[in-house]
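Residues per chain are reported as follows:
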Amino acid sequence: MNFPSELKYTAEHEWVKVEGKVAAVGVTEYAQGELGDVVFVELPAVGTVVKAMQPFGTIEAVKAVSELFSPVSGKVVEINAELENDPMAVNRDPYGGGWMIKIEMNDPGELDKLLPVSEYRKLVE
Amino acid sequence: MPYIPNTDDDRRIMLDRVGAKNIDDLFTPIPENLRVKRPLNLPEPLSEMELVREIEAISIKNRSDLVIFAGGGVYDHFIPAAVDTIINRPEFVTAYTPYQAEVAQGTLQVIYEFQTHICRLTGMDVANASMYDGASAAAEAVHLVLARTKRNRIIISETISPLFREVIKTYLSGQNAEIVIIPQSGGVTDFNRLKDAITGQTAGVLLAQPNFLGMLEDIEAAAEMIHKAGGYLIATADPIAAALLKTPAACGADIVIGEGQPLGIPLNFGGPLLGFFAVKKELVRSIPGRLAARTLDEEGKTGFVLTLQTREQHIRRDKATSNICTNQALCATTATVYLSLMGKTGLKKVALLSMDKTHRVADMLSAIPGYAPYFKGSFIRELAVKTPVPAKEVVEKAIDKYGVLPGIDLGRYYPGLTDGLLITVTEKRTDEEIELLVKALREL
Chain R
1 MNFPSELKYT AEHEWVKVEG KVAAVGVTEY AQGELGDVVF VELPAVGTVV KAMQPFGTIE
61 AVKAVSELFS PVSGKVVEIN AELENDPMAV NRDPYGGGWM IKIEMNDPGE LDKLLPVSEY
121 RKLVE
Chain X
1 MPYIPNTDDD RRIMLDRVGA KNIDDLFTPI PENLRVKRPL NLPEPLSEME LVREIEAISI
61 KNRSDLVIFA GGGVYDHFIP AAVDTIINRP EFVTAYTPYQ AEVAQGTLQV IYEFQTHICR
121 LTGMDVANAS MYDGASAAAE AVHLVLARTK RNRIIISETI SPLFREVIKT YLSGQNAEIV
181 IIPQSGGVTD FNRLKDAITG QTAGVLLAQP NFLGMLEDIE AAAEMIHKAG GYLIATADPI
241 AAALLKTPAA CGADIVIGEG QPLGIPLNFG GPLLGFFAVK KELVRSIPGR LAARTLDEEG
301 KTGFVLTLQT REQHIRRDKA TSNICTNQAL CATTATVYLS LMGKTGLKKV ALLSMDKTHR
361 VADMLSAIPG YAPYFKGSFI RELAVKTPVP AKEVVEKAID KYGVLPGIDL GRYYPGLTDG
421 LLITVTEKRT DEEIELLVKA LREL
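Protein chains in written order, with this note's numbering: chain R, 1 to 125; chain X, 1 to 444.
Treat the hints as calculated values from the structure; they're not laboratory data.
Calculated cross-link-like contacts (lysine-lysine; reagent style DSSO-like; alpha-carbon spacing at most 30 Å):
id, chain 1, residue 1, chain 2, residue 2
1, R, Lys102, R, Lys122
2, X, Lys150, R, Lys102
3, R, Lys51, X, Lys228
Between the sequences and the hints, there should be enough to build the whole structure, so can you do that?
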């Protein structure tokens, strides 16, 4: 399974990609495989304040619905509106077109609490 | 009264099947010390003839002879005979809300058509398969906006049905929710008070169109106010008046709920009723209850399914805003048949006739000294009339002396309006019956 090494991970199967003060968030290849075909992703409005390891939305597959957890605290500055028409982008391209939200981080120090790829790989394999 | 056979053989077969020796065996899961050992304190069994006589003696106490000018949410509209004939077909009358959904294609199709009718009537994008009644639909709508916004204040106008308010209060007990009631002023919601009550913690505002006092509210203004604060507008709709009014959707409502009884369902001594529940598309995943949908099967043929079930009932029960898994199947079928028979034109005629007669009664009563419309403003087929003596007395005397139920004594629900009589005139009321009402009120 593909887990890019430049990303950080949560035990709830989200990934984070950091660009300056902004963190892009999505779910991992493992998560999309476990869920199966994604039919809906419920995302917060731009401007919503999110907290580390608190739910920010839900992901709905044919037979299951899961919460999405924010890896870091901050403000949502962008959401992937494409997912409304094409939720299966999460299945096809979890680290690219399947991204969900971008968060302007309050405290980049929180990133240290997330899992590096080696540890995340241990968790799921 | 139906005849339901229950022979010794029937009982034997049922007991054998579950492996019980006798009826008492069925109670063994209940601990010995909790079981009643003595015979129940019930009257002796009756023969069929005696039973019929006894039930008839009770039912004759109902005043089903009264001429009805009372509404207040449940209305005496005409029901074409075809409605009963169709819904009493065994396929309809026995069909409970579908549990093994996809084998019940006919039931799903009726629900789908019901939802479509409600969407057309309200202008909303999605309607559910129905709810118990308008009051529980209102309470579910309040739950939805509280959960969706994660706020705790809900604003309810005093002009919505007082019975709805009671049910909402019950549903919210035990939750950390603050209910703010906005008083009426001149028969409509006091918009100055409403404006002041809306805060950043307000999840939504609940108004009725027309309201319980019969008056038309400025739904658009209320929608604008609450939307600015990031909350939702819930509007109750009267399905008959809706045939004449701008749709709640066009007025900016996010959720439209209401009582569907006027759509072919008899008064039934107050129930069963029929709740309807419709939302804008963005709220579809938060809608309570069941949702039927039309789709195509593998061979490209049209079929019906229950859809979006993962939301509330099966997988995320603990996170759901509602766990209701049923609908009001037979009453929803009734409304569907009624609306199909009446059509757009027929429903509009019912509404126009009722409005015309209600306005005529308003004029006739205004000519009697001591009577006058209670409020100034627009109304459709229900209005509050000021009475020269307490309305309670007017109601009692009109029933006793004239066989007329002249309306609802508003003092029962609004302590300041004991001289208010809420009158509705449906298309069923004849000129003679209207004359009788006027005579009764004049002579009292």
